[in-house]
Each structure stands twice: as structure tokens, then as C-alpha cells.
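Those sequence lines, one after another, are chains X and Y.
Every letter in the first sequence is one number past the one before it in UniProt numbering, and letter 226, counting from 1, is 226.
Every letter in the second sequence is one number past the one before it in UniProt numbering, and letter 234, counting from 1, is 234.
Take the hints with a grain of salt, since some may be wrong.
[As the list claims (entries may be wrong)] Using 25 Å as the maximum straight-line C-alpha spacing, the simulated SDA-like pairs for lysine to any residue come out as follows:
#, chain 1, residue 1, chain 2, residue 2
1, Y, K301, X, E159
2, X, K138, X, E128
3, Y, K307, X, R194
4, X, K307, Y, E159
Keep in mind that the hints were calculated from the coordinates and are not lab data.
Protein chains: 2
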Amino acid sequence: MTTPDILVSEVGPRDGLQSVKATMPTADKLRWIDALHRAGIREIEVASFVPARLLPQMADAAEVVRHAVTLPGLTVMALVPNRRGAEAALASGVHKLTMPVSASAAHSLANVRKTREEMIDEVRAIAELRRDLAPHVKLEAGISTAFGCTLQGDVPEDEVIWLAAQCVAAGADEAGLSDTVGYANPAQVRRLFRRLRAELGDRAGAAHMHNTRGLGLANCLAAIEEGVRTFDASLGGLGGCPYAPGASGNVVTEDLVFMFEAMGISTGIDLEKLLAARAPLMAGLPGEPVYGMTPEAGLPKGFVQGKTHV
Amino acid sequence: MTTPDILVSEVGPRDGLQSVKATMPTADKLRWIDALHRAGIREIEVASFVPARLLPQMADAAEVVRHAVTLPGLTVMALVPNRRGAEAALASGVHKLTMPVSASAAHSLANVRKTREEMIDEVRAIAELRRDLAPHVKLEAGISTAFGCTLQGDVPEDEVIWLAAQCVAAGADEAGLSDTVGYANPAQVRRLFRRLRAELGDRAGAAHMHNTRGLGLANCLAAIEEGVRTFDASLGGLGGCPYAPGASGNVVTEDLVFMFEAMGISTGIDLEKLLAARAPLMAGLPGEPVYGMTPEAGLPKGFVQGKTHV
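Start from the sequences, fold in the hints, and give me the full structure.
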């Protein structure tokens, strides 16, 4: 098997499930994660290590991680908002930690009641914890509101790049950029990822794009053309629907994989099996709306994965 | 007022209304077209000149054209499938004719019961009619199924480019490419529009993209980067929903204009007024679903048109 051209990092089991009111039973989560793995997904953000009273949907985080790490070839990632979360995540045996750090000063204070400088200190503390407890575990900083913020509007690009560089200097292995509220446009995506790569080289991380205004795939296209090779996405577009019904948050994994595969960019993911992974998601969250155009429309007639279509 | 960077050609009143079962009353059509014009839209495909028994939604085509041509600065376009339609359209006073010519041999026979060669003859006949009756009227050939076909699957690129060139040789002023069934991907869009421009130069026409598999805006982004300057789109994504609820056909005008304006590419269209143009559309087609992510989510905080957002 050849190495895929890009890595699609599935965030549904964390980002998606955290955003819906219902709690998916643990057994369903595991079935869903198994189906994603069977489709060829090789990185999954499976849980968030936060107090269960805040996010009951994530109360089984450690159990989910312990199952996920048994799946061959899978990088198991968990979100940690702080040191305490990182300790629990490391104890559970995750392969990778992701920590959200907001580029918007207003959003950082509103969301985690910390300044950006305090969050850089938190990244440093987590990096040290990781070094002491599990040095093989990767640490990613996800720069949220990197393309704008519902509280303060524009977020200066210089501050985004400064923050990403500070996170890496504090010990993160990589820093990616997140369009948390769906404000990004392709020209901005190009500019910011170009600057990020110029600043961080191979430590420039994932593109986490939202489809709030319909630009999710166009922004991913701009990102790949700037050298981004890791793309966050959520099966069924689950998660992050802060505005209105129909306005999905995360980029839909199925549509993203279809776009790249149709372009001849290999993802290592089997599209038919990926579409089949919607069944356990829907079974575990009855009545919850799921999105995606490719699943509705089906694959084009004569579409063969791995073949460049004329 | 400076010249916009691109032209967004609104196809809703023809392509959209033709695809829904209900017939929008003429007075509502005119109100909708007025609202589109007020928003700054400068080209509208207002009607299709086909027998009323086939498409009762278009029975008022001549009346709609006669109103639309009174709006200052507006290019009024009509679809004509054949000579007879072209005669009626020219008599009504349109500024531009668009004629669909299918690149898929199978689709051409199934759709209009003519071979592609017979359709080229039809283009020639219409071009001559136009020259004799109204030489100032423009004639566009829209190469449909240019990116694939539900009947035959892949459509060879050589045949697409050949057909576009034949249409121009037969007298069309320009030839554009249509992703009639939503099969296109950005790499293919780049290749085909690059070849089209190499073949036809300034006679390379519009990109008519569908959003059937969610790639509509990504394909428009690829097209603009290949020099395309005219983009077809439909307000509320009206029209072309051959598959399933939620799987909209045409690219949504609101999302397309938001993407380009956010990128600093001027369209000449006022986004707030464009969103307001949804009201007469919805009033004229009560109960009909309309699409669009930007209208659901609203414009970003602090978004100012004409300003490049950081």
C-alpha cells in the first residue's frame, strides 16, 4: 500500500459529539470509531478530557481511548483544555494531544477565562508533562478563531502567526489553524498558511475548516495548494452548528474525501466504506441531523477511486 | 463606479424556475428580477423559449423579457433550445441567447434527440438568424455535461474542447462549460478551462457549476484561477435537484458572491441587497425549499464589502 498524499483527521467523535445535546452510548461510539478505521481513517480525535459535569457526552473518554488504541495503524487523538485534562489523557494512553488556543483575545477570555499569554504557559506546562510522562506522545496546538471571531470580528494575521510560533516555542510539535466560526475565505487561507509555513516549516499543522458559509471545501482546496497535508473533518458534518439548522459547522468528511479522491489526491480512505460509517453514527444518535452532499447524491457513474477522472 | 472583477450571471429565473413544479406568477417573477437588478446583478437568464405545453413555467417568457430589458445596465439572457425558440427570443428583444449543447453523445440523444453534429448545425442556423435579425445580440453556447454524464459516465475532454470550438466556428460568440450533473472536481475544472482558453482565447465563456456533491464553490475557485470571469449561479440554489432533498443543484449565488467579495474580488453586487432578493423569490414560490449557507449564518461580524478581511 502506498502512502496517501494527505491525512484526513476525523474529529466527529470529539468535536461532533461534544456539540450535540444527546450523549452517544459508549458502545455506539466504539462501533462508529471501528467503522471509521475500517474505511481507512488513520487519525481520529476520539474524545475530550474535560470534567464530566461540563460535558457529559465525554464522560467515557478514557474508555473510548483504551479501545481506539487497539486499532492497528490508528493515531488516537484527544483534546485537552488544560494540564489536568492532559494528565488524564496521557494516563489513558492516547497517541496525540490537541490543545485549542484562541487567537482572538476576546474569545480566549470568554471561552477559557485566560489570556493568550496564559494559554501559552499552559501549552508549556503540558509539553513538559508530556516530556516527563510519555515523550512519544505528540502535542498539537490548534489556533482557534484564526480567521475571525464572532466577538471581535477580524483577528490580526500577525497575532495568529505570533501565537502559533509561541505555541511551538513552548513545546508543541505543531500548530494548525482553525476557522472556528466559519469566517475564512480562500485568499485568507492561502495567506495565513503561507505565512505559517514560512514561520514554522514542517511544524505547520492541520487546516480545520468549517462550512458555515459554504466555503469549507474551497478553503481546503486553497490550503492544500499552500502545502497543507492534514485536514480536519467530521463525518456527516456533525458538530459546530452555532447559527441555524442547515448551517453545518465542520467540513463534511465524505465531501472532502470525495473532492480529493476525484482530483487524484489519495487519502487512503475507501469512499464506499466511509459512506457506510454513517450508519453507526446515525444509529448512535437517533434523530440527529447529519449533513453531506456526496452521501445524498451518491458517487458519479463509473467513478473509480484511484483513477483520475476526465 | 469601477468595473467589477467578475460577472455573476443569475440563472434562477430560468434554470431555477424551470426545475420546480410550481409556476411562479409573472408579477412575482418581475419583482424578483427587479430585486436582483437592485442588488447589482448585471446579467440574468430570465426565461427559456420553449413550447408552453412542455414547460408551463416559461409560458410568459416574452413578457418577462419585455420587462427585464427596461432595467438599466442589465444584460437579459434567454435559453433557446432550437431555431424556433431563437426566433421567439429575438422577437421579444433579448440581449443574449444561450444555447445548451451536450458534450455527452448519450445525453444529447436522450435530451434533445439530436446528435452533437446536428446541434452544431442548429447553433449555425441560430447564429445566422441572429446575424440577419439582430446582429447586436450575443450568442453563447453552453457545453453541458462537460465534466461527466449520468448516462455515459466520463466525457472525454477532447470531445468537450472539440465541441466548444465547433460551436464558436459555427458562429457562437463564446462557449462556456457546464457541470450539469455535479461531477466536476477542481483539478478537472482547471484542466478543462485551461484547454478552453488555449483553444478559444477570449471566446472561452462562463463556468456553470453545480453543488450536487458540495464542490460548487471549490470548482468556481479553480475556475477563477484559470481566468474564468463569468460565473453562473442561482439565488437560493434554486433548480437542478435531480437526486435528493438537500442536494441542491446550482451554485448558490449568495454563497458565491460572499466568497468572492470576502476574497477582495469585486462582483458589483451588494450582499445585503442580494440577501433581500430572497424575499420575492420565496413569496413567489411558497413552500419551495431554498438553499444557501451564508443567508442562514449571516455575514461575519464587522464584514465590510470592498475591504479585504484579515
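### Message
Please verify whether K301(Y) and E159(X) have alpha carbons no more than 25 Å apart.
### Response
Holds: K301(Y) and E159(X) sit about 18 Å apart, inside 25 Å.
### Message
Against the 25 Å threshold, does the CA-CA distance of K307(X) and E159(Y) hold or violate the hint?
### Response
20 Å, holds
### Message
Tell me if the straight-line CA distance from K138(X) to E128(X) falls inside 25 Å.
### Response
12 Å, holds
### Task
Take a quick look at whether K307(Y) and R194(X) sit within 25 Å of each other, Cα to Cα.
21 Å, holds
In this structure, every one of the numbered hints holds.
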